[in-house]
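Got chain X; can you put chain L on it based on the hints?
Those sequence lines, one after another, are chains X and L.
Residue numbers for the first sequence, in our numbering: 1230 to 1571.
Residue numbers for the second sequence, in our numbering: 1230 to 1571.
No wet-lab data here; the hints were simulated from the structure.
Just so you know, not all the hints are guaranteed correct.
Remember, identical chains collapse to one label, so a pair may be satisfied in a single copy or spanning two.
[As the list claims (entries may be wrong)] Subject to a maximum C-alpha distance of 25 Å in a straight line, what follows is the list of computed DSS-like cross-link-like pairs (lysine-lysine):
no.	residue 1	residue 2
1	Lys-1363	Lys-1334
2	Lys-1363	Lys-1294
3	Lys-1373	Lys-1461
4	Lys-1570	Lys-1366
5	Lys-1426	Lys-1353
6	Lys-1426	Lys-1236
7	Lys-1260	Lys-1552
8	Lys-1461	Lys-1247
9	Lys-1377	Lys-1461
10	Lys-1334	Lys-1366
Okay, here's what each chain looks like letter by letter:
2 protein chains.
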Amino acid sequence: MYRQSLKGDSERFFELLKGDVVFLFVIGNTKTAEIPGITMAGANPDLIKFTPPADVELLYYGECKVIPFPPATPDGKPTPAIITYTALRLTDVPFLVIDSGLMVKPNTPHVSIGAPIGENIEIKQAMNLEDVEKAFKNAVEFGKQISKLADVIMIGESIPAGTTTALAILRALGIETMVSSSMPSNPVEIKERVVTKALERINGDESPLELIAKVGDPVMIGVCGIAIGSKKPVILAGGTQMVAMSHLIKRINENADIAIATTVYVANDSDALNHAPCPVIITDPGLSDSIKPGLRAYAEGFVKEGVGAGGATLLAYARGFSKEEFLKEIEKSYETVIETKL
Amino acid sequence: MYRQSLKGDSERFFELLKGDVVFLFVIGNTKTAEIPGITMAGANPDLIKFTPPADVELLYYGECKVIPFPPATPDGKPTPAIITYTALRLTDVPFLVIDSGLMVKPNTPHVSIGAPIGENIEIKQAMNLEDVEKAFKNAVEFGKQISKLADVIMIGESIPAGTTTALAILRALGIETMVSSSMPSNPVEIKERVVTKALERINGDESPLELIAKVGDPVMIGVCGIAIGSKKPVILAGGTQMVAMSHLIKRINENADIAIATTVYVANDSDALNHAPCPVIITDPGLSDSIKPGLRAYAEGFVKEGVGAGGATLLAYARGFSKEEFLKEIEKSYETVIETKL
Chain X
1230 MYRQSLKGDS
1240 ERFFELLKGD
1250 VVFLFVIGNT
1260 KTAEIPGITM
1270 AGANPDLIKF
1280 TPPADVELLY
1290 YGECKVIPFP
1300 PATPDGKPTP
1310 AIITYTALRL
1320 TDVPFLVIDS
1330 GLMVKPNTPH
1340 VSIGAPIGEN
1350 IEIKQAMNLE
1360 DVEKAFKNAV
1370 EFGKQISKLA
1380 DVIMIGESIP
1390 AGTTTALAIL
1400 RALGIETMVS
1410 SSMPSNPVEI
1420 KERVVTKALE
1430 RINGDESPLE
1440 LIAKVGDPVM
1450 IGVCGIAIGS
1460 KKPVILAGGT
1470 QMVAMSHLIK
1480 RINENADIAI
1490 ATTVYVANDS
1500 DALNHAPCPV
1510 IITDPGLSDS
1520 IKPGLRAYAE
1530 GFVKEGVGAG
1540 GATLLAYARG
1550 FSKEEFLKEI
1560 EKSYETVIET
1570 KL
Chain L
1230 MYRQSLKGDS
1240 ERFFELLKGD
1250 VVFLFVIGNT
1260 KTAEIPGITM
1270 AGANPDLIKF
1280 TPPADVELLY
1290 YGECKVIPFP
1300 PATPDGKPTP
1310 AIITYTALRL
1320 TDVPFLVIDS
1330 GLMVKPNTPH
1340 VSIGAPIGEN
1350 IEIKQAMNLE
1360 DVEKAFKNAV
1370 EFGKQISKLA
1380 DVIMIGESIP
1390 AGTTTALAIL
1400 RALGIETMVS
1410 SSMPSNPVEI
1420 KERVVTKALE
1430 RINGDESPLE
1440 LIAKVGDPVM
1450 IGVCGIAIGS
1460 KKPVILAGGT
1470 QMVAMSHLIK
1480 RINENADIAI
1490 ATTVYVANDS
1500 DALNHAPCPV
1510 IITDPGLSDS
1520 IKPGLRAYAE
1530 GFVKEGVGAG
1540 GATLLAYARG
1550 FSKEEFLKEI
1560 EKSYETVIET
1570 KL
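One chain only, chain X, in its complex shape (with noise of 0.2 Å):
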């Protein structure tokens, strides 16, 4: 098994990955990273902040900018953006970086919506409401013209504790479920916590935008905002963050054309996949075969996804490269990319 299908009808997304693809990786920052505990998207809590920028970096270059390594767990454990540059260079599909609410930018280009960056939710609101709609508008108008120019939009993320905003969305709309982690001990007392006051500031009749901006995060702003806009049909490539999310763009629009691609490592994770409005493709990159025990440890609970490497796994098999094919390619990316720097 290399790709099944979760729930929905996929294999129509599946087939539009034959065509015109541009991925878009929307990231940024929130404070709630700043939580002692609560993500391992960091080799240290310092480093926590440049992990989003050194990713696409990472993408673009294959070398780290902002710094002079690849993000990593504090242990070693590679990014799974490592995943997706391996893709990247296997298919030349065009890609862009989308500046959802960053601290630091990359350096690399990148399309500016005007987001915010996110408070820390357990402290206070994440967002202005009003920036929040002025970043949203951009993000509409963004996805609007991209998906002009392509069959279908993969969108992928890179924000520390973003499954910790994802948390308190699902929540705040009532769906019952945990979300999943880049630690096999998932800290879930620490993300109940901060999710359990975060949701205080929940009347009930919050609006999607609304509550963007009471507890998640900027990179809500620029999916949803994407996905409303595209013309054509989304794939949110993530885990349960992208579960969150497409409920909000459902909220938005009931007809919008999306489905979510992650990896088997979060499906075994989570039944939050299980929770989604739209179709759910899994896929296996081949990971636990793998000879370097920094990727086998994706299957053993560490990382699983991120910076759309469970779309970018969907990406690779669509165009037609077996899964020993790819996971021979993302050891030889491990070796330039991470091994280089050890």
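Then chain L, alone, in the frame of chain X:
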């Protein structure tokens, strides 16, 4: 005559416009525009810096946000963005904005390449070479990605006083010509004074990026970088500024597949187009026949070109609109966009 080749084989570029086109607007500021009397691209000197963002807001929304009315000359002749807005409205061609050194950001999505604002070239070096190189690299990467999505890239610009910095580049390259102007009485003396002073910085052995850094403007970084990065033919939609940039592009890569498309009003105003190192296509938006005095002014020597107006006209013609139809639609835009604000 609604279209003619002033120079070189232009037919191939015209045919490409029937395929997948992406229209890019590279906008920025140079403090050279603060020299009294040098530009009319703004109703008064304090408003000049708002002209580029207002121009692209007009393209997106049919109205401006950073200022409450569309850019115009002091006596009310409207920005050429009105022509481009009309062509985009008719053809539904996808377009994106590139922030290539803006003082004020537009309320639209825009691609950042990290370009600096240009200094006044009469009194100092335009930009730091290192900044130019970094932004150029981003522009090349963006050009590489976006060109995968189209058959041809069209690039327009908006930068007040851009003809003065263009003149400095042309002179620095040893090309003896005068550039066009947004005024019937081209402020030649001011331009000559500024350029003479700027050229004191030139040794004659500068690379193209060094020339831009010494006497150019930041929009040149974006336009040249995207053209160099593009894997597809590029049409530079503009007048004498694009002549200067076409020379820089050809110095970086003599095989760059570029052409210039501009209005007949520029062709009537300057011999600089004859000095282009690439095909030049002249289009006539037919404004001399307009029932609107503000549009007829173009044929009387005002404004003439900008925001890709000549290229946009060519695009409308390539997509099957007649000169009469296009003029009628420009007048319709004029009524909704300009007259409602008078």
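Violated hints, by number in ascending order, as checked against the structure | As far as the earlier hints go, 6, 7 are violated by this structure, in ascending order.
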